[in-house]
Amino acid sequence: MQIHSSVSVFVVCAILFTGQTNCARTVVKAPPELAGPILETISACSRETKNNPERITSAMKENKVFEDDAFLKFIDCTFQKSGYAKPDGTLDIEKSVKVFPKNVDMKTVFENCNKDKGSTRVETTFKIYKCYQQTSPVQLVF
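Numbers -23 to -1, 1 to 119, taken from mature numbering (1 follows the signal peptide of the UniProt record, and there is no 0), label the letters of the sequence shown in order.
Quick caveat, the hints were computed from the structure, so don't treat them as lab data.
Don't take every hint at face value.
What the hints assert, rightly or not - As a list, the in silico DSBU-like pairs of lysine-lysine whose alpha-carbon atoms are at most 30 Å apart:
#  : residue 1 : residue 2
1  : 63        : 75
2  : 107       : 58
3  : 58        : 75
4  : 79        : 27
5  : 107       : 6
6  : 72        : 94
7  : 104       : 75
8  : 104       : 50
9  : 72        : 6
10 : 92        : 58
11 : 94        : 63
12 : 72        : 107
13 : 6         : 104
14 : 107       : 92
15 : 107       : 75
16 : 58        : 72
17 : 92        : 104
18 : 79        : 58
19 : 50        : 92
20 : 6         : 63
Values in this document were obtained by computation on a predicted structure and should not be read as measured data.
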C-alpha cells in the first residue's frame, strides 16, 4: 500500500507543519510492533476523514501542512484511534514515549506540547501535533 511507504518520508522530513525541511534531526525507528498498528490507523483515518491518500502522501513528502477541517480531523482521528491521545485531545504521554528510544527525552517535548490547547478536541490534537513536529529533537520513521 502506497501510504505505508510514504509515511516514512512523511516522518523522516519532520512532517507537515513548518514548511521547512528539518532533515538534520536524528532519525529513529519506531518499534515494529508499534509501527504496524500506527500505519494501519493512518490509512483508516485517511479514508474515514475523506482525505485523499495522494493528498496525505504529498503533504508527507513535501512537508506541507493543511489547516482545513478535513486534515485536522485526520490528525485527530489518527491520534484518537491509535490511543496516543486522550479524549480531550491531549497526548497520552506515557504511551507516546514508548514509540521512541529511551535515550531520547520525548517526555519533556510532549509535556510542553500538551500545554497547547485548542477550543475543541480536534484543534487541541492538531496544535499538539504541530508543536511536536516543530520541537522534536528526532524524526520518527516506521
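Structure-based check of all given hints:
no. : hint       : in the structure
1   : 63 <-> 75  : holds (16 Å)
2   : 107 <-> 58 : holds (18 Å)
3   : 58 <-> 75  : holds (17 Å)
4   : 79 <-> 27  : violated (36 Å)
5   : 107 <-> 6  : holds (20 Å)
6   : 72 <-> 94  : holds (19 Å)
7   : 104 <-> 75 : holds (21 Å)
8   : 104 <-> 50 : holds (12 Å)
9   : 72 <-> 6   : holds (16 Å)
10  : 92 <-> 58  : holds (21 Å)
11  : 94 <-> 63  : holds (13 Å)
12  : 72 <-> 107 : holds (18 Å)
13  : 6 <-> 104  : holds (24 Å)
14  : 107 <-> 92 : holds (12 Å)
15  : 107 <-> 75 : holds (19 Å)
16  : 58 <-> 72  : holds (13 Å)
17  : 92 <-> 104 : holds (9 Å)
18  : 79 <-> 58  : holds (24 Å)
19  : 50 <-> 92  : holds (20 Å)
20  : 6 <-> 63   : holds (24 Å)
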